[in-house]
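Visitor: These protein sequence lines are chains C and E, in that order. By this note's numbering, the letter at position 165 of the first sequence is numbered 165, and the numbering carries on one by one without gaps. By this note's numbering, the letter at position 79 of the second sequence is numbered 79, and the numbering carries on one by one without gaps.
The set of hints was computed from the structure by calculation and includes no laboratory data. Beta carbons are placed, not taken as given, at the ideal position from N, Cα and C, and that holds for glycine. Please note that a few of the clues may not be correct.
[Unchecked claim] From chain C, some residues computed to sit far from chain E (all C-beta separations above 12 Å):
| id | residue |
| --- | --- |
| 1 | 8 |
| 2 | 36 |
| 3 | 129 |
| 4 | 163 |
[Stated by the list, open to error] Computed footprint of chain C on chain E; a stretch qualifies when at least three of its residues, placed anywhere within it, have a C-beta under 8 Å from a C-beta of chain C:
| id | region |
| --- | --- |
| 5 | 143 to 152 |
| 6 | 191 to 203 |
| 7 | 212 to 223 |
If you want the building blocks of each chain, they are given just below.
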Amino acid sequence: MSGPEGTPGQTVGPFFGYALPYPGGDTLVPPGRDGAIRLAGRVVDGAGAGVPDALVEVWQAGPTGAVVREPGSLRRDGWSFTGWGRAATDPTGAYSFTTLRPAPAVAGGPAWFAVAVVARGLLDRLLTRVYLPDDPDALAGDRLLSSLPDGRRSTLIARPGPDGYRFDVVLQGDRETVFLQHRPGHPG
Amino acid sequence: MIPTQREISDEIASLDGAAGAQPRLDYPPYRSSALRHPRHPAVVLDPEGVELASPVFGPRDVGELDADLTIQHRGEPLGERMIVTGRVLDGRGRAVAGQLVEVWQANAAGRYIHQRDQHPAPLDPNFTGTGRCLTGPDGSYRFVTVKPGPYPWRNHRNAWRPAHIHFSLFGTAFAQRLVTQMYFPGDPLFPLDPILQSVTDPAARARLIAAYDHDVTQEEWCTGYRWDIVLSGPAPTVFEGTGR
């Protein structure tokens, strides 16, 4: 491996609320649009308390399963699906997105959202996946899920919820979410 | 019992020098990390699907003027006007072109416009402290702003953060997402700050500090700083279904 050394991360701090969230960030499609679902939940700390100063970002395929290459996430036009969204947590630690159900990237595979989380008190961003629960066979065949111990696998699988899915990001504790590190060394 | 700077500094010293190019998530001197760090190590996986790409931003998302933090109001903000510029590279040294860079910062007096920042320093009616830009074809970014002041916080008694600018960046792959802070050279608060010191490898820590660059400084106008950012997460070779 040659090349420049990476720049370290640092906490997002407490004062991002006037900088990173923006109108429409959590609305990948307007509520009520055909196929619109809700992905919602809480960011929770090691004491079970909601984290009111966290930011959740989703990055997902659309209904075809293909990677979306559409700009406009920061100034949504109400029609274009960009596949990316950002939601700050509320005073109870809750977040919510209105979006479309991602299709599996490969036929027969599971469908999931890629998620990034930052918060005050969290010194670097965390990455995870939110799997949809609808296809048990696809979940059973997934490489990542199969590699996890029983008690941890379920932390990555969303539950059915009102108008869509529920998923809590547990930063620490018994139900701690599995966080991910992508393997380096891709041919480049 | 609220700890003193001496106690925090002793904790920092006891943890310093450990290897690791990223901050320690479990870093007791930064008190807010206690209940907010995962105890399990991250699970290593081969990225798939959308993880091999990043969201796309374009001129529809970001305007040319969004990168000048000194022209967002009727008057000019107080403080030391400056340019912060550099290049965004991936771990192989390749330019990250056309990607979103977001910044936010305190004003010259060390006060954020955020309503939860109530420390008794003045707000500046001519300064919000947020900016965005897209990187150029060579990965370059450039912001015009004023130098932020240091400010107190409540991690411990008489705690002060070194002056910094928050940066949020996207790379060419999802794992290159980076949220970090840029510092200014020679700040005497560096050794006292548990957030900077959470990067326990001194060489990695140094990569968070900009360099004063007289070639960026403009005559009778402003000073200049240069800070290159390396998004070290794994990068894909090519994108599927796109020419970018």
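Visitor: Could you let me know if the closest chain E CB is still more than 12 Å away from the CB of residue 8(C)?
Guide: Its Cβ does come within 12 Å of chain E, the nearest being 5 Å, so this is violated.
Visitor: Against chain C, does the region 212 to 223 of chain E show at least 3 residues with beta-carbon separation below 8 Å?
Guide: Result for this restraint: violated, n = 0.
Visitor: Is the nearest Cβ of chain E still more than 12 Å from the Cβ of residue 36(C)?
Guide: 19 Å, holds
Visitor: Per the coverage rule (Cβ-Cβ under 8 Å, at least three residues), is the region 191 to 203 of chain E covered by chain C?
Guide: holds (count 5)
Visitor: Find the nearest Cβ of chain E to the Cβ of residue 163(C) and say whether that gap is larger than 12 Å.
Guide: 23 Å, holds
Visitor: Quick check for students: does the CB of residue 129(C) sit more than 12 Å from each CB in chain E?
Guide: About 8 Å separates residue 129(C) from the closest Cβ of chain E, which leaves it inside 12 Å; violated.
Visitor: With a Cβ-Cβ cutoff of 8 Å, does the region 143 to 152 of chain E contain at least three residues near chain C?
Guide: Violated - the region 143 to 152 of chain E has 0 residues with a Cβ nearer than 8 Å to chain C, which falls short of three.
This entry does not satisfy hints 1, 3, 5, 7, going by the numbered hints stated previously.
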